[in-house]
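Novice: The sequence shown begins at 1206 in our numbering and counts up one residue at a time.
Just so you know, these hints were derived from the structure itself, not from any lab. Fair warning: this is a prediction, and the values are worked out from it, not measured in the lab. All the given hints hold, so there is nothing to weed out.
Just the calculated beta-carbon pair ranges, DEER-fashion: (1) Gly1341 / Asp1241: 28 to 34 Å; (2) Ala1408 / Ser1288: 37 to 43 Å; (3) Gly1242 / Glu1357: 28 to 34 Å; (4) Thr1278 / Met1255: 16 to 22 Å; (5) Leu1244 / Arg1338: 30 to 36 Å; (6) Gly1341 / Glu1317: 33 to 39 Å; (7) Val1320 / Leu1372: 22 to 28 Å; (8) Gly1418 / Trp1375: 18 to 24 Å; (9) Trp1336 / His1260: 44 to 50 Å; (10) His1281 / Asp1241: 17 to 23 Å; (11) Asp1231 / Glu1317: 22 to 28 Å.
Every residue gets a Cβ at the ideal spot worked out from N, C-alpha and C, and that includes glycine.
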Amino acid sequence: ALGGFWFWSAAFWTEPPLPDGFRGVDLEMGRSLGRDGTLERQRDLIATVMRTAQHGGDIAVLPESALGFWTPTVEHLWREALSGTDIRVIAGAAVIDPQGYDNVLVEISAREAGVLYRERMPVPVSMWQPWRRLAGQGGGARAHLLANPIVELAGRRVAPFICYEQLVVWPVLQSMLHTPDAIVATGNGWWTAGTSIVALQNASTTAWARLFGVPLVTVFNR
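Please work from the sequences and hints to get the whole structure.
Specialist: And the structure:
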């Protein structure tokens, strides 16, 4: 029955409303997003956020991998740039250690910053490689399978989905059980050029948002 309602939502969808105060910041930076670790790139992203904030909304959402590696230096740069504002930034990043990495969303404001969400279901094979651990090897993204279905953001309960999670049923249902106030869906789709993958992700999250009556913000890099 749920599948039938989903297909109905997908076939007859209208755009769900944006959550109050949120602004999605789509980017067209191709494969360089998340790989260009220069100060200039971070400053370009900061300038983009500042321009977006001029159009209203105090929560700017950037795509998956937008910040590259999440380090104390990156944190300091962004917090300093946001000093004197009420802007809050949600952005994709990677947290690495000798055993592998977490694909995350971080939350940044002038007052504080840190990891908001750790991806529950990375793309199998290309990102999530559990056999490496069985072989005693490091590397690959960690899957936080049943963790953080909901995060608290500015007093609201938010259901976050990164990339592949938007095409998998169980992360969505797990989050919807917690009755979120909003959905935040991010992706980095530069590698899908010439395919309909990003369109399918958008259609999927839109259908779920309509089915459960939850405001939605989606952001992608192409």
